[in-house]
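Those sequence lines, one after another, are chains A and B. Our numbering numbers the first residue of the first sequence as 1 and each following residue consecutively. Our numbering numbers the first residue of the second sequence as 1 and each following residue consecutively.
It is possible that part of the hints are untrue.
What the hints assert, rightly or not - Below, in silico cross-link-like pairs of lysine-lysine (DSSO-like), each with a Cα-Cα straight-line distance of 27 Å or less:
(1) B:Lys-78 / B:Lys-204
(2) B:Lys-177 / A:Lys-85
(3) A:Lys-297 / B:Lys-177
(4) A:Lys-204 / A:Lys-187
(5) A:Lys-20 / B:Lys-187
(6) A:Lys-204 / B:Lys-204
(7) B:Lys-187 / B:Lys-156
(8) A:Lys-177 / B:Lys-204
(9) B:Lys-190 / A:Lys-274
(10) A:Lys-194 / B:Lys-297
Unchecked claim - Just so you have them, the derived chain A footprint on chain B, three or more residues with Cβ under 8 Å:
(11) 183-193
(12) 196-207
(13) 221-228
Don't read these hints as lab results, they were simulated from the structure. By construction, the Cβ of each residue, glycine as well, lies at the ideal position given by its N, Cα and C atoms.
Take a look at the letters that make up each chain.
Protein chains: 2
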Amino acid sequence: MSLLVVGSVALDSVETPFDKIDDALGGSATYISLAASYFSAPVNLIGVVGSDFPKDYIKMLEQRNIDLEGLQIIEGEKTFRWGGKYHHDLNVRDTLFTELNAFENFNPIIPESLKKARYVCLGNIGPDLQIKVLEQVSDPQLVVCDTMNLWINIMKQDLLKLLKKVNVFILNDSEAKLLTEEPNLIKAAKLIRKMGPEILIIKKGEHGALLFTGDTIFSAPAYPMEIIFDPTGAGDTFAGGFIGYLHKTRDLSPKNIKRAVIYGSTMASFCVEKFSTKGIEDLSHLQILERFREFIKISSFNESD
Amino acid sequence: MSLLVVGSVALDSVETPFDKIDDALGGSATYISLAASYFSAPVNLIGVVGSDFPKDYIKMLEQRNIDLEGLQIIEGEKTFRWGGKYHHDLNVRDTLFTELNAFENFNPIIPESLKKARYVCLGNIGPDLQIKVLEQVSDPQLVVCDTMNLWINIMKQDLLKLLKKVNVFILNDSEAKLLTEEPNLIKAAKLIRKMGPEILIIKKGEHGALLFTGDTIFSAPAYPMEIIFDPTGAGDTFAGGFIGYLHKTRDLSPKNIKRAVIYGSTMASFCVEKFSTKGIEDLSHLQILERFREFIKISSFNESD
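Here chain A stands alone, though its shape is the one from the complex (with noise of 0.2 Å):
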């Protein structure tokens, strides 16, 4: 049973109060991937590079079991860039560039043996492309969709068509107010259940994040993290250590979503401690579940003595 991820594979420039990189791994195909890839193997990446693309990341990718058949490589042209520069309070960032690249005409094709695939990830791309993807896969068990502030305000009307289709919906919580124009998040995580995912989890940043399934709402807690050296990808990290941990249990019981809501800000508090995708590339299970243990220290309060 394939876990099919699909979004953006990027060279990323990051400026932080801390450091500063060229040309680093990134894109949310790229750290969903990667999270992933610590609760299933194979994970099958549909993306787009240029030529340009380094044969390193090819190779660190796929010794962690991310399987590249659907990432496409087209010769003569160079890998989508994106410069960020965080400011000293690490919430703002400003873009500094975006050159799309091979990524302008990107359409993603789903290999035939993946047309089956029961467990999608929609990484942040334009929900056009998102579509795209889910026309060419049969009958997905479990779609889990991300987005950012740019669809909601340019392309709102393939954004809501798309959420139709999806099972999981993961948005962070200015996005949530934006796309409702509701400030309380709970009645704004009504407003977006009503247009068609069922599960729907808002992330909070420094706060953690907010799940609703069924009539379960559920607040998960922040890593309490004192130094964070690079932010990118965090949110990306957390949809693939979500649907990783989901794929790999196959369970939808509302207790086991909690459960991959906290794998998924396990794996995103790794991320965030070293640049780029350095922080998710060679983690050993033991990391992983001491993390997992301490966030139940972190918001267990009524534990009997």
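Could you slot chain B onto chain A? The hints should help.
What follows is chain B alone, placed relative to chain A:
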């Protein structure tokens, strides 16, 4: 063993998108005392009002077993009045007016019988007045202190002097960042605890609260509320539920302090459901226990089958 509560007693005029009310009961000491009264009796309130303070409010407070021996009623003066207006986004409010009146020359005098109080809650008033209170209490065991951005801006030196004498400091996230000039809350918490208080609570409104005690970090969820009628007093009510529960249980273990944070959050969730103090005037212990249990549901993710 007395529980002493010091702070403002006010008449509030509040406008929200839902309703409008004039001269309703308000003030930090009022909310704290009411919330604490569900756990401990009597609660001893220290404050000041004018001779226009409605007898009905006195009666209601006394019916909740709040001892008003320390409430000064200044003949010929008017009661402190505050007017505020909340926006569509209830996180945003404008102060319309502040009339100090009787509060302008408030000199908190602790009655002889209360100078041996062991539990003291310093509600939000100037840190100079909070220090004056502590100078009159001979041997407090637990001093809980609240503050606001105003005092950080105009009386920072007094506040820093005060912080050396308190055990628990409660403030909100924007105040923590303001006090330390540090955008990362975990780092800010470390800096604030170095200023004196061994226990620190950072309130985050709709995102819950963070508790720091010993090596323990605890992330408390917020109660998911679709409709908030009036956010006024929520922070004070939190402090009241928190110290009331600790005063009742006499247990300062991290485990019990976590529970106190949840009881504080529980009381705050009732507070905002109605205008002014109405939401916390007439609760049953069963209602409080049931909501406490809902907090367990909202935040637990590792329950066994």
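Each hint, compared with the structure:
For the given pair, Lys-78 of chain B sits about 34 Å from Lys-204 of chain B by alpha-carbon distance, which is inconsistent with the 27 Å threshold. For the proposed pair Lys-177 of chain B and Lys-85 of chain A, the alpha carbon gap of about 21 Å is at most 27 Å, so the pair holds. For the suggested pair Lys-297 of chain A and Lys-177 of chain B, the alpha carbons sit about 25 Å apart, so the restraint of at most 27 Å is met. Using a Cα cut-off of 27 Å, the hinted pair Lys-204 of chain A and Lys-187 of chain A holds, with the two alpha carbons roughly 16 Å apart.
Straight-line distance between C-alpha atoms of Lys-20 of chain A and Lys-187 of chain B comes to about 22 Å, which keeps the hinted pair within the 27 Å bound. In summary, the hint linking Lys-204 of chain A to Lys-204 of chain B is supported, as the alpha carbons are separated by about 12 Å, within the 27 Å threshold. At most 27 Å may separate the alpha-carbon atoms for a hinted pair to count; Lys-187 of chain B and Lys-156 of chain B meet this at roughly 19 Å. Straight-line distance between C-alpha atoms of Lys-177 of chain A and Lys-204 of chain B comes to about 18 Å, which keeps the hinted pair within the 27 Å bound.
Distance check on the hinted pair: Lys-190 of chain B and Lys-274 of chain A sit about 22 Å apart at the alpha-carbon level, within 27 Å; holds. Taken as a hint, the Lys-194 of chain A and Lys-297 of chain B pair is honoured in the structure, with Cα atoms around 24 Å apart against an allowance of 27 Å. Residues of the segment 183-193 of chain B with a Cβ under 8 Å from some Cβ of chain A number 6, which satisfies the need for three, so the listed coverage holds. Given as covered by chain A, the segment 196-207 of chain B passes the check, having 3 residues with a CB less than 8 Å from a CB of that chain where 3 are the minimum.
For the segment 221-228 of chain B, the stated coverage by chain A is satisfied: 7 residues place a CB nearer than 8 Å to a CB of that chain, which reaches the threshold of 3.
Hint 1 alone, counting from the list given before, is not met by this structure.
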